[in-house]
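If you read the sequences in order, they're chains A and B. The numbering of the first sequence is the working numbering, which starts it at 1 and goes up by one. The numbering of the second sequence is the working numbering, which starts it at 10001 and goes up by one.
Read the hints as simulated data drawn from the structure, not as lab findings. No experiment lies behind these values; they were computed from the predicted model shown. Do not rely on the hints blindly, as some may be mistaken.
[As the list claims (entries may be wrong)] Result set (DSS-like, lysine-lysine): computed pairs, CA atoms no more than 27 Å apart in a straight line:
{"id": "1", "chain 1": "A", "residue 1": "Lys130", "chain 2": "A", "residue 2": "Lys110"}
{"id": "2", "chain 1": "A", "residue 1": "Lys130", "chain 2": "A", "residue 2": "Lys182"}
{"id": "3", "chain 1": "A", "residue 1": "Lys54", "chain 2": "A", "residue 2": "Lys20"}
{"id": "4", "chain 1": "A", "residue 1": "Lys54", "chain 2": "A", "residue 2": "Lys12"}
{"id": "5", "chain 1": "A", "residue 1": "Lys12", "chain 2": "B", "residue 2": "Lys10698"}
{"id": "6", "chain 1": "B", "residue 1": "Lys11081", "chain 2": "A", "residue 2": "Lys110"}
{"id": "7", "chain 1": "B", "residue 1": "Lys11069", "chain 2": "A", "residue 2": "Lys130"}
{"id": "8", "chain 1": "B", "residue 1": "Lys11081", "chain 2": "A", "residue 2": "Lys12"}
{"id": "9", "chain 1": "A", "residue 1": "Lys182", "chain 2": "A", "residue 2": "Lys3"}
{"id": "10", "chain 1": "B", "residue 1": "Lys11081", "chain 2": "B", "residue 2": "Lys11069"}
{"id": "11", "chain 1": "B", "residue 1": "Lys11069", "chain 2": "A", "residue 2": "Lys54"}
{"id": "12", "chain 1": "A", "residue 1": "Lys54", "chain 2": "A", "residue 2": "Lys3"}
{"id": "13", "chain 1": "B", "residue 1": "Lys10698", "chain 2": "B", "residue 2": "Lys11081"}
{"id": "14", "chain 1": "A", "residue 1": "Lys110", "chain 2": "B", "residue 2": "Lys11069"}
{"id": "15", "chain 1": "A", "residue 1": "Lys3", "chain 2": "B", "residue 2": "Lys11081"}
{"id": "16", "chain 1": "B", "residue 1": "Lys10698", "chain 2": "A", "residue 2": "Lys110"}
{"id": "17", "chain 1": "B", "residue 1": "Lys11069", "chain 2": "B", "residue 2": "Lys10698"}
{"id": "18", "chain 1": "B", "residue 1": "Lys10698", "chain 2": "A", "residue 2": "Lys54"}
{"id": "19", "chain 1": "A", "residue 1": "Lys20", "chain 2": "A", "residue 2": "Lys3"}
{"id": "20", "chain 1": "B", "residue 1": "Lys10698", "chain 2": "A", "residue 2": "Lys130"}
[Said to hold, decoys possible] Derived list of chain A stretches under chain B, where covered just means 3 residues or more per stretch with a C-beta under 8 Å from a C-beta of chain B:
{"id": "21", "region": "19-26"}
{"id": "22", "region": "50-63"}
{"id": "23", "region": "88-95"}
{"id": "24", "region": "101-110"}
All residues carry an ideal CB built from backbone N, CA and C; glycine is no exception.
The primary structure of each chain is shown beneath.
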Amino acid sequence: MLKIDNVCYTYKNADRQVLKSVNADFVGGRIHSVVGPSGSGKTTLLSIMAGLDKPTTGAVLLNGSSLSNMDLDQYRRERIAIIFQAFQLLPQLSAIENVCMPMHMNGLEKRQAEGRARWLLESVGIDSSKHRRYPANLSGGEQQRVAIARSLSTGAKVILADEPTGNLDVANGDAVISILRKLAHQDGYCVIVVTHNMEIAETSDVVYRMSDGVLTQVG
Amino acid sequence: MRVRHKRNKQNTFLLSVLRQPLRSLVLFFLIGIAAFAFVMRTTEFLVVQDRINEIAGFYQSIGFVQVPGESFGNVLGAADVISQSRYVAFEDRRRGAEAMLHDTLNIYTMGRIGDGGHGHFLGGQESGYTEVPERLNYSIFYATVTSIVESNHPLTGHFVELRVTVNDVLVGYPEHGMVPYVPAEEAMIGSPLPGMLPGIGVRVRNHMVDGENPLLNMEVGGRYLMRASRYWVSPYGRGIAQGPGGGILYMRPLNENFHYIEVPHGNANLNMPGLEGLAEEIEMQRYIHSMVWLRTTADMSAMPMMQPDLRRMELVQGRLIAHEDYIESRPVAVIHHALSGRRGIDIGDTITVSIPREQEVVGLHTVMFFGPQPLEGWQFIRENFVFGDGLMDFSVIGNPNEFMIEYMELEVVGTFAKLPDAPDGQGPWSYTPTLFSNYIYIPNSLLPADFIATDSLRGYGDEYLWSSWYSFTLGDTRNENAFLLENRDLLAAMGYNVHFLPSGAAVFWSVAEPILTSLTFNAILFSIVLFIVFGLVTFLYMTQRRREFAIMRALGSPARVTVRKMLAPIVLLGMPAIIIGGTAGWFFALDAAAGLMETVAYATGYGASFEYPIYLMLLQLAIASVMMLTMVYIGGARVARLPVLELLQGTSQKRKRKKKAVVEAEVPTDFLQHRLGELLTSIKPIEQEILTRRNRFKANVTFVFRHIVRSPIKSALAIAVALFFIFAFGMLHEGMVSTEREINRLYETTVVSGEFAPANPWVLGGSNPTILTSTVNAALDTGFIDSYYAEAIFSSFFVIQADENGNFPSGVYGEFWDEFWQYIRDAYLGSVSNRVDPLFAFNDFDRFLEIFGERPAELMPGGFGAGDVDFGDFSVVTDPIDIQFAPGFSQYDFVYYDYTLQAPIPVILSDLTLQRRGLEVGDAAFIGHYFPSPWSISPVIEVPVIIIGQHNGAIDRAGGRNSVLLPFDALYFIREGNLNYINFQFEIDPVFNREMSHVRSELDALVNMRGQGGIMMLSALLHDDELIMVANQMEQNLELLRLLYPVTIVLSVFIGAGLASLLLLQSAKVAAIMRVLGYTKTRLRALLAAEHITVATTGVIVGLISLPIFGIGLVIDLPMLAGLYITGAVIGSMVGASMITSRAPLELLQVRE
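Throw the hints in and build the complete structure from the sequences for me.
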């Protein structure tokens, strides 16, 4: 589904190569973990996969199409979803508004968007009494579930998760991972989790290790 | 062992600020700009308010009191009432004191004193001189006669002229040695002489006495003790100011026994029989030559005599006695400019005077209170007032300490001139022969409190206060009505009328108050704007730094220390910004004001100064600093109260306080299996939805709206800044517009009157000015003059009774021959004569009545009352003309259209003329003219007249009293256009009000041109004080506002832009999320910018809508300005949005390990 083809990345005005001929093939229906120490290049890889940055050389292919030929904003808007460790909900928007926001961005009519958002929120365990709450009034687990709901709202089939359980307790972390696993295994989502958490890595279908800019499949 | 750690002085916040240079720069810039705007506007307020106060100071509500029917009444009772009024700033109970000037002489070198008529000097009698040997200000000297010349003059007859060489001077003025008998270089004209200088030749003249001239008994080569004095008008010349040819000394008898005595060698024995008293007179003369007249005041600028309307005195150089001089009893003096020039006393010099305790008999009082004395009168004074009693012992004149009670060393701070006044320094004869030259003004507080208040010689002392010596000044010109309401009836019941001098203050305040109000509001509004900007800046800074604050707190740093450290960078950043911005604003505003005002021609007595004490700037900077520190403190205190962990988690305390506490929801265990199937089947690709651009737009709008509403403080502050800017602009604009409207109204409606007056009226010696017909016609041709009033006088006419047939009587001129000759002689000798029937013509009866008829109490240039008493300042009683028309006639019959001079001219004769010529009202008569001068024969004129009325003779013009009144056109045709006007008053067409300087220069050039060829120099006096002082000055103020207005606009645009970009920088994280979610940079920038633009626009719109509520019209400028402000906000937003969208989103969103 998402293929990394010999991607190299060097920061502008810097000599050090952050990514060195990275190759990977992230397929639908599986959870992929990318583990590695800090500074190994995980975030850079995530940024390139998210279309927020472009590789110096090489290509990222979605379903065989290179991102370089795509509108990256549209790519992010429609094809992928990102989940962050710190949730990154918009603080001025309520839970349901946060979920609606990507749909609004895509021009979905308000009522339809809200209907879908409500459904998604309930799907991830946020009951209707909390739909109008602001992120500050939700627990960490709830916030992350709202973030997952938001990522699902556009129907993107690739989910990039950056330490999705890093701010959560075990129970909430497990719940989030369960959601991701189900999304991958039951609906064919391609889930890519960048994490330090070896437990998550161990439960993943495919594990990559990033070390000094080199990505190696280890399991 | 406990380890004492060194206190951590590192300021993390400071480091953060330094490492975010762009953001810090924006903060610095914003604070600096706000401080610049604040100080600039408040300085502008300061300058304009100061100028208005300064101009207002020019207008003073100066009141005076009149005792009905009296020229110089006792107003002590009224003064005691007035002194109690809360509206009165101060009273001026002026006093006078004779004093002796040390080490120099006064300049009253003429033969007699005073500013009044001089007819009694020669008195029309050739022998008159012998009767007034004690005439003041003479020189007594030994001189050798070098020639004796007899001569004759057709008018004055036989006279003898001596030429002498002065050998020794007993008493005399240096100027007496400068009579231009000898060549100028020999006479040392203009040289400072210590006294009448021996060796200088003088010309001494005398007339026949009882058929013989005693000077003929003198011998050439003989040495004589003689007395001579100067007289200011030569019978053979126009006046001493016209050139040295008119100067001469007149021989005076030594006393009633001797015209002179021959003293071949050495000194005369002044104790010899027949010379008794001469020694005393010499001593008295020495005193008189040093005598000055101290006059006191509480504030010279508030003296009625100093007011331009009265045209009595003016400041020439330096400054006047100020009220502060009076309050602090400063030893300062203002002297006559002629005394200054002639005796070399400059501004800053010190003069010493001594004042006798009892002011009796001698000195100026002698003549002032007793008048010119015949011998018997002088003898009476000598016998009844012993010299030395109460004044001085002339034998100790060398030691004034023994009889003087007050010594004063006075610093000369200014010089004044009396108006009209002769220019000084144009020749040896050009000094001012006026009592004023001896006036020295000092603060009233310098004289002992018990010193005579006015006139002890008359025995009134402290119980009397002449109306002319009293005036008072209100604290505020706007309180005139309130004062009158409070006191007028009470004073009227006591027998006093109280009046104020016309000041023009009402007009001034009608213009000044709107601009003051506007400026005050504006300064307040800008202070509020500054306060809000500081608040916003603080808010933004706190938002930036509060996470660091929380970390520091979490690491164990005490709250107070952490707050202090957090505040330090904003203070370090803000204070220099305030100092730099504020200082720049201060100098910018002052430079702009000074630059603008350089072009202003200030009215007399007013000069703008833009040197303000630096503490005012420091005060403004301090205010700005306090405002900022207050906001910083409030912000710091607010942050310090927030829970640390919540700050670290990025939650908002405020919202949380209102909402339910966060309860961690139970993690569902089964929903995934239960729901997931539905989830998987229900989620469809987004492409399948109906996507519309409209929905997207609506969503964006909603997003912007939510962001605005859910950031209430930020939005409110941003709206408030925009709102107040619009308010400030509106107020300022409204102030300018209304002021401009008022100024325009003044320009369009103010009628500037003017007149042609002698440039140097003193030369006339009290006569009327002569304005040529051609000059008047040229003035009328300029087109400047809207309407005019003209007077002309022609003296050598007679009213002649018609014969029994109503015809001109034959042979009538012979009867008038002697009378006419006597008239000519009197005229030459400077006497007032009633021997002819002067014709007085004018062109506007109503105006004539305004000038000469019943009129409101006004201050007349006063001076001397009955008996030559010096009432000094002014009189308040008029002598109105009273006209009685013959039955069937009225003023409307006072017109003349028959240019053939065949129809009778309507005339109004004085009671005296009617009586003298045996005529009655209603009679037909003739006016005739026959001028048998030795030089020319004028044609005989015989014009029929009809006497339509009679008047009481009160025509206050030289030679005009008891004159024959006739229509101007009649005299014009009688004289065939060859007419000299004595008064030409006009009103300038208001169309030219904005070009008054041009009008003035044109008219000046015109009258000066006409002034050539023996006719006196004229000035075109324009009474445009109101225009200069109100319209013109306020226009300059308006210009200043206009000059700084666009600067304010530019600053507001900068502030708007700076605020917008700074606010947007706060949205960096939101922007990153949006980017990750797929917003394009362009769309995101637009969205973010739209948020702030909406906020700014909301403020602007609310402001624009609210302005009419406050009575401010919504003129086209304001929406334009609003647009400019919004443009600033747009630019700032775009810059801010570009800055935050250009950062890598993940950098902002990721939690760093």
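Quick rundown of the hints versus the structure:
With a C-alpha separation of about 19 Å, the suggested pairing of Lys130 of chain A with Lys110 of chain A holds against the 27 Å cut-off. The hinted pair formed by Lys130 of chain A and Lys182 of chain A meets the criterion: a straight-line CA distance of about 24 Å does not exceed 27 Å. Distance hint between Lys54 of chain A and Lys20 of chain A is fulfilled; the C-alpha atoms sit about 14 Å from each other, no more than 27 Å. At roughly 12 Å between alpha-carbon atoms, Lys54 of chain A and Lys12 of chain A fall within 27 Å of each other, so this suggested pair holds.
Annotation: proposed proximity of Lys12 of chain A to Lys10698 of chain B is violated, straight-line Cα distance about 39 Å (limit 27 Å). A C-alpha spacing of about 23 Å is found between Lys11081 of chain B and Lys110 of chain A, which places the hinted pair at or below 27 Å, so the restraint holds. At roughly 24 Å between alpha-carbon atoms, Lys11069 of chain B and Lys130 of chain A fall within 27 Å of each other, so this suggested pair holds. A threshold of 27 Å between alpha carbons decides the hint, and for Lys11081 of chain B with Lys12 of chain A the separation of about 20 Å falls inside it, so the pair holds.
Distance check on the hinted pair: Lys182 of chain A and Lys3 of chain A sit about 22 Å apart at the alpha-carbon level, within 27 Å; holds. For a cut-off of 27 Å, the pair hint linking Lys11081 of chain B to Lys11069 of chain B stands: about 14 Å separates their Cα positions. Our distance criterion of 27 Å between C-alpha atoms is met by Lys11069 of chain B and Lys54 of chain A, whose separation comes to about 21 Å. At roughly 14 Å between alpha-carbon atoms, Lys54 of chain A and Lys3 of chain A fall within 27 Å of each other, so this suggested pair holds.
This hinted pair checks out: Lys10698 of chain B and Lys11081 of chain B have alpha carbons roughly 19 Å apart, not beyond 27 Å. Distance restraint check for Lys110 of chain A and Lys11069 of chain B: the Cα-Cα separation of roughly 25 Å lies within the 27 Å cut-off, and the hinted pair is therefore satisfied. Straight-line distance between C-alpha atoms of Lys3 of chain A and Lys11081 of chain B comes to about 26 Å, which keeps the hinted pair within the 27 Å bound. Of the pairs offered as hints, the one joining Lys10698 of chain B and Lys110 of chain A holds, with about 8 Å between alpha carbons and a cut-off of 27 Å not exceeded.
Our distance criterion of 27 Å between C-alpha atoms is met by Lys11069 of chain B and Lys10698 of chain B, whose separation comes to about 23 Å. A threshold of 27 Å between alpha carbons decides the hint, and for Lys10698 of chain B with Lys54 of chain A the separation of about 32 Å lies outside it, so the pair is violated. For the proposed pair Lys20 of chain A and Lys3 of chain A, the alpha carbon gap of about 15 Å is at most 27 Å, so the pair holds. Between Lys10698 of chain B and Lys130 of chain A the alpha-carbon distance is near 24 Å, which keeps this suggested pair within the 27 Å criterion.
For the region 19-26 of chain A, the stated coverage by chain B is not satisfied: 0 residues place a CB nearer than 8 Å to a CB of that chain, which falls below the threshold of 3. For a cut-off of 8 Å, the count of residues in the region 50-63 of chain A with a CB near a CB of chain B stands at 3, and the three-residue condition holds. Figure legend: the region 88-95 of chain A, annotated as covered by chain B; annotation consistent (6 residues with Cβ-Cβ distances under 8 Å, at least 3 required). With 10 residues bearing a CB less than 8 Å from a CB of chain B, the region 101-110 of chain A meets the requirement of three and the coverage assertion stands.
The structure is inconsistent with the numbered hints 5, 18 and 21, although it conforms to all the rest.
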